[in-house]
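2 protein chains.
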Amino acid sequence: MNKQELFEQIQKKKSFLCIGLDPVLDKLPKHLLKYNDPILEFNKQLIDATNDLCVAYKPNTAFYESRGVKGWETLVNTWKHFPKDVFTIADAKRGDIGNTSAMYAEAFFKEESSQMSFDSITVAPYMGKDSVAPFLNHPNKWVILLALTSNSGSQDFQIKQSDNQKLYEQVITTSQKWATSDQMMYVVGATKPEEFQNIRQLAPDHFLLVPGIGAQGGSLSAVCQNGLNSQCGLLINSARNIIYASDGLDFAEKAREEALTLQQEMEQILITAKLI
Amino acid sequence: MNKQELFEQIQKKKSFLCIGLDPVLDKLPKHLLKYNDPILEFNKQLIDATNDLCVAYKPNTAFYESRGVKGWETLVNTWKHFPKDVFTIADAKRGDIGNTSAMYAEAFFKEESSQMSFDSITVAPYMGKDSVAPFLNHPNKWVILLALTSNSGSQDFQIKQSDNQKLYEQVITTSQKWATSDQMMYVVGATKPEEFQNIRQLAPDHFLLVPGIGAQGGSLSAVCQNGLNSQCGLLINSARNIIYASDGLDFAEKAREEALTLQQEMEQILITAKLI
Numbered sequence: 001m002n003k004q005e006l007f008e009q010i011q012k013k014k015s016f017l018c019i020g021l022d023p024v025l026d027k028l029p030k031h032l033l034k035y036n037d038p039i040l041e042f043n044k045q046l047i048d049a050t051n052d053l054c055v056a057y058k059p060n061t062a063f064y065e066s067r068g069v070k071g072w073e074t075l076v077n078t079w080k081h082f083p084k085d086v087f088t089i090a091d092a093k094r095g096d097i098g099n100t101s102a103m104y105a106e107a108f109f110k111e112e113s114s115q116m117s118f119d120s121i122t123v124a125p126y127m128g129k130d131s132v133a134p135f136l137n138h139p140n141k142w143v144i145l146l147a148l149t150s151n152s153g154s155q156d157f158q159i160k161q162s163d164n165q166k167l168y169e170q171v172i173t174t175s176q177k178w179a180t181s182d183q184m185m186y187v188v189g190a191t192k193p194e195e196f197q198n199i200r201q202l203a204p205d206h207f208l209l210v211p212g213i214g215a216q217g218g219s220l221s222a223v224c225q226n227g228l229n230s231q232c233g234l235l236i237n238s239a240r241n242i243i244y245a246s247d248g249l250d251f252a253e254k255a256r257e258e259a260l261t262l263q264q265e266m267e268q269i270l271i272t273a274k275l276i
Numbered sequence: 001m002n003k004q005e006l007f008e009q010i011q012k013k014k015s016f017l018c019i020g021l022d023p024v025l026d027k028l029p030k031h032l033l034k035y036n037d038p039i040l041e042f043n044k045q046l047i048d049a050t051n052d053l054c055v056a057y058k059p060n061t062a063f064y065e066s067r068g069v070k071g072w073e074t075l076v077n078t079w080k081h082f083p084k085d086v087f088t089i090a091d092a093k094r095g096d097i098g099n100t101s102a103m104y105a106e107a108f109f110k111e112e113s114s115q116m117s118f119d120s121i122t123v124a125p126y127m128g129k130d131s132v133a134p135f136l137n138h139p140n141k142w143v144i145l146l147a148l149t150s151n152s153g154s155q156d157f158q159i160k161q162s163d164n165q166k167l168y169e170q171v172i173t174t175s176q177k178w179a180t181s182d183q184m185m186y187v188v189g190a191t192k193p194e195e196f197q198n199i200r201q202l203a204p205d206h207f208l209l210v211p212g213i214g215a216q217g218g219s220l221s222a223v224c225q226n227g228l229n230s231q232c233g234l235l236i237n238s239a240r241n242i243i244y245a246s247d248g249l250d251f252a253e254k255a256r257e258e259a260l261t262l263q264q265e266m267e268q269i270l271i272t273a274k275l276i
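Protein sequences, first through last, are from chains A and B. Quick note, the first sequence lines up with residues 1 to 276 if you use UniProt numbering. Quick note, the second sequence lines up with residues 1 to 276 if you use UniProt numbering.
Next up, chain A with everything else stripped away, as it sits in the complex:
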């Protein structure tokens, strides 16, 4: 899905919600445990209940890998269940030397190899240009580069200042030499809303993937105040608040209610910003 198509989906669905599919077996509704693959069933019912309210899904690979081979099967089968009109994000935070990142790109982009082909992958910037470039060789695929993350550890290195720029600002500035806003997005945590004004000066046209609202404490309106651009430019992720809205038989219905609340807030924001 390209940038224009993503914006069209946002306008059509009046939403820039991304739902994080980070399932843990212990937290699943008990009635799902009778299924051969309870996590797959959980994901499928969540996707079926929410896909008209969100524009993206983001499974975090850690939650699948933790279950070994069967977890990886669940990830593949979850990918197969995504509707065609959603933007899909492999939240994998990969990155390695060139020939190795090329293998990661096959893992998440090349269906002939891995039976999966996400629209995008999150990538860690620490190893620099040649660790990112192989992902960009895949046409119509996106790199979502970690910039300023939502966790407390973001303060350890990401805000270190050199050459009058913080490290995360250097990541945003330098990586714009590697790809345009048609192939790159940045991860910026909702827990740092005061940074969005500055980030929009550095990257006015890029989409930003924003985790950290809900369980991590970030605010949707604070992020939108300075984060919106002329094509919306934001994908706001919510995971735990939606997928664990209930652990009963009504989990998918309650997840839909949570997603609907966010979609309605987003619709108002899009109207106010004259984007729909």
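FYI, nobody ran anything at the bench for these hints, they're computed from the structure. Accuracy of the hints is not assured; some may be wrong.
[Said to hold, decoys possible] With a straight-line Cα cutoff of 25 Å, these simulated DSS-like cross-link-like pairs (lysine-lysine) come out:
1) Lys70(B) with Lys141(A)
2) Lys110(A) with Lys110(B)
3) Lys177(B) with Lys166(A)
4) Lys27(B) with Lys110(A)
5) Lys110(A) with Lys30(B)
6) Lys177(B) with Lys80(A)
7) Lys129(A) with Lys166(B)
8) Lys177(B) with Lys27(A)
9) Lys166(A) with Lys166(B)
10) Lys70(B) with Lys44(A)
11) Lys30(A) with Lys110(B)
12) Lys70(A) with Lys141(B)
13) Lys80(B) with Lys70(A)
[As the list claims (entries may be wrong)] Not close to chain A: a few residues of chain B, all C-beta gaps over 10 Å, as computed:
14) Tyr35
15) Pro38
16) Ala62
17) Ser152
18) Gly248
Don't be surprised by glycine CBs; every beta carbon is placed ideally from N, CA and C.
Starting from the known structure of chain A, arrange chain B on it as the hints suggest.
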């Protein structure tokens, strides 16, 4: 395997060689293609032919993930084939917010969950302390943190200077508050031998995992000159030069010859340094 045991293995085998198991199907000896899992057979024969000459094996997860579910099966079965006396490294370069890194730790350390339990995992430092800490909660397991990598992209961010330290130096200094040299190692590329003197001042007691000799151009003797410490303190990785030494029926034998050449060089270095 703890630090003392690792040093004892180094003394016993007169080697500080780590073999990188980064197999690509296209490069495999053709006679292996008749096997149900050619890559597993390749790995098993390599391990059987070389395990008395090396102290560690390091499969890079990208080469397995690129083949989807069946690649993940190969990784699990390769792990099962490792002898008990080798140090095992999941070269996965993971790292995410705390609750997610905890899932990655289960993926690579907790056999009940994932059918694998490596001794160690490589971790990217960009997201800071809480992205690393969950791996350290597993007793007798190691984090191998990326510091100065062997690729050209290491020059993009890792050498940025702030507070009179380069970023990779800050990673080494700051992370020592998170764990001792009994649970943490650093990745330092062999392509920067001039940096080892400085790194040994910052981390005199830590083991360093050193990729980049051979195909990437680094020199063993240059690394050892400033890199050795009183418990050796180095794991030198070689992958392509060993595993692709031949693509014929004799591939394992030729791999052994390459490993033996390195082991013999290492033996001389250990004798000269009075470590054996």
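So, going through the hints one by one against the coordinates:
Proximity of Lys70(B) to Lys141(A) is assessed by CA-CA distance (about 24 Å); at most 25 Å being required, the pair is judged to hold. Between Lys110(A) and Lys110(B) the CA atoms are separated by roughly 29 Å; this puts the pair beyond 25 Å, and the hint is violated. With a C-alpha separation of about 22 Å, the suggested pair Lys177(B) and Lys166(A) falls inside the 25 Å cut-off, and the hint holds. Proposed proximity of Lys27(B) and Lys110(A) is supported: the alpha carbons are some 19 Å apart, at most 25 Å.
For the hint pairing Lys110(A) with Lys30(B), the CA-to-CA distance comes to about 24 Å; that is within 25 Å, so the pair holds. Distance check on the hinted pair: Lys177(B) and Lys80(A) sit about 43 Å apart at the alpha-carbon level, beyond 25 Å; violated. Taking the CA atoms of Lys129(A) and Lys166(B), the gap is near 18 Å; set against the 25 Å cutoff, the hint holds. Between Lys177(B) and Lys27(A) the CA atoms are separated by roughly 33 Å; this puts the pair beyond 25 Å, and the hint is violated.
About 13 Å separates the Cα atoms of Lys166(A) and Lys166(B), which keeps this hinted pair within 25 Å; it holds. For the proposed pair Lys70(B) and Lys44(A), the alpha carbon gap of about 23 Å is at most 25 Å, so the pair holds. About 24 Å separates the Cα atoms of Lys30(A) and Lys110(B), which keeps this hinted pair within 25 Å; it holds. The suggested pairing of Lys70(A) with Lys141(B) holds, with an alpha-carbon distance near 24 Å, which does not exceed 25 Å.
The suggested pairing of Lys80(B) with Lys70(A) holds, with an alpha-carbon distance near 17 Å, which does not exceed 25 Å. With a cut of 10 Å on Cβ distances, Tyr35(B) stays outside the contact zone with chain A, its closest approach being about 18 Å. Listed as a non-interface residue, Pro38(B) keeps its Cβ farther than 10 Å from every Cβ of chain A; the least gap is roughly 15 Å. Consistency note on Ala62(B): stated as away from chain A, yet its beta-carbon is not over 10 Å from all of that chain's, at 4 Å minimum.
The beta carbon of Ser152(B) is not kept farther than 10 Å from every beta carbon of chain A, the shortest such distance being approximately 5 Å. With a least beta-carbon separation of about 23 Å from chain A, Gly248(B) lies farther than 10 Å from that chain, consistent with its non-interface assignment.
Comparing the model with each earlier hint shows violations of hints 2, 6, 8, 16 and 17; every other hint is respected.
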